[in-house]
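Undergrad: Sequence:
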Amino acid sequence: MSIQTGTKLFIAYTASVGASLQRQGKYWDAVKYHSMVLSISEREGEDSGSTEAFGAIADCYTELGDLEKAGQYYDKYIARLEKD
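Take the sequence shown: its position 37, counting from 1, is numbered 44 in my numbering, and each next residue is one higher.
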């Protein structure tokens, strides 16, 4: 397995954990995992999953009632959708 493939798998795993926590209503924990996806993606130059992570983080902040922060992440999400 190449390093790039391993990175993509780790990103997918981390995103899955974040999504699972989000479905359980554990939004703060979910934000941590989705943020890890963004950090890993940026560090490794691998964009897989980062668009979805921005959207998921925005959704979590919406559920937590922090609409300002949610709006910031929705803006990043939309920008990535337009770029992709």
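Check each hint, because a few of them may be wrong.
[Claimed, not checked] Under the rule of at most 27 Å between Cα atoms (straight-line distance), these lysine-lysine pairs were calculated in the DSSO-like manner:
1) K15 with K83
2) K33 with K76
3) K15 with K90
4) K90 with K39
5) K83 with K39
6) K15 with K39
7) K33 with K15
8) K90 with K76
9) K33 with K83
10) K39 with K76
[Said to hold, decoys possible] Computed beta-carbon distance windows for the label pairs:
11) E75 with K33: 13 to 23 Å
12) G13 with E75: 17 to 27 Å
13) E75 with Q11: 16 to 26 Å
14) Q11 with L74: 16 to 26 Å
15) G78 with T12: 13 to 23 Å
16) A19 with L88: 25 to 35 Å
17) T12 with L71: 33 to 43 Å
18) T12 with L74: 32 to 42 Å
19) K33 with L74: 27 to 37 Å
20) G52 with L88: 32 to 42 Å
Calculated directly from the structure, the hints in this document are not laboratory data.
Small disclaimer: the values here were computed from a predicted structure and weren't measured.
Built from N, CA and C at the ideal position, the CB exists for glycine as well.
Undergrad: Run every hint past the structure and note whether it holds.
TA: Status of each hint after checking the structure:
{"no.": "1", "hint": "K15 with K83", "verdict": "21 Å, holds"}
{"no.": "2", "hint": "K33 with K76", "verdict": "17 Å, holds"}
{"no.": "3", "hint": "K15 with K90", "verdict": "20 Å, holds"}
{"no.": "4", "hint": "K90 with K39", "verdict": "24 Å, holds"}
{"no.": "5", "hint": "K83 with K39", "verdict": "17 Å, holds"}
{"no.": "6", "hint": "K15 with K39", "verdict": "18 Å, holds"}
{"no.": "7", "hint": "K33 with K15", "verdict": "24 Å, holds"}
{"no.": "8", "hint": "K90 with K76", "verdict": "21 Å, holds"}
{"no.": "9", "hint": "K33 with K83", "verdict": "22 Å, holds"}
{"no.": "10", "hint": "K39 with K76", "verdict": "14 Å, holds"}
{"no.": "11", "hint": "E75 with K33: 13 to 23 Å", "verdict": "21 Å, holds"}
{"no.": "12", "hint": "G13 with E75: 17 to 27 Å", "verdict": "36 Å, violated"}
{"no.": "13", "hint": "E75 with Q11: 16 to 26 Å", "verdict": "36 Å, violated"}
{"no.": "14", "hint": "Q11 with L74: 16 to 26 Å", "verdict": "37 Å, violated"}
{"no.": "15", "hint": "G78 with T12: 13 to 23 Å", "verdict": "35 Å, violated"}
{"no.": "16", "hint": "A19 with L88: 25 to 35 Å", "verdict": "19 Å, violated"}
{"no.": "17", "hint": "T12 with L71: 33 to 43 Å", "verdict": "34 Å, holds"}
{"no.": "18", "hint": "T12 with L74: 32 to 42 Å", "verdict": "38 Å, holds"}
{"no.": "19", "hint": "K33 with L74: 27 to 37 Å", "verdict": "20 Å, violated"}
{"no.": "20", "hint": "G52 with L88: 32 to 42 Å", "verdict": "20 Å, violated"}
Violation of the numbered hints given earlier is confined to hints 12, 13, 14, 15, 16, 19 and 20; the remaining hints are satisfied by the structure.
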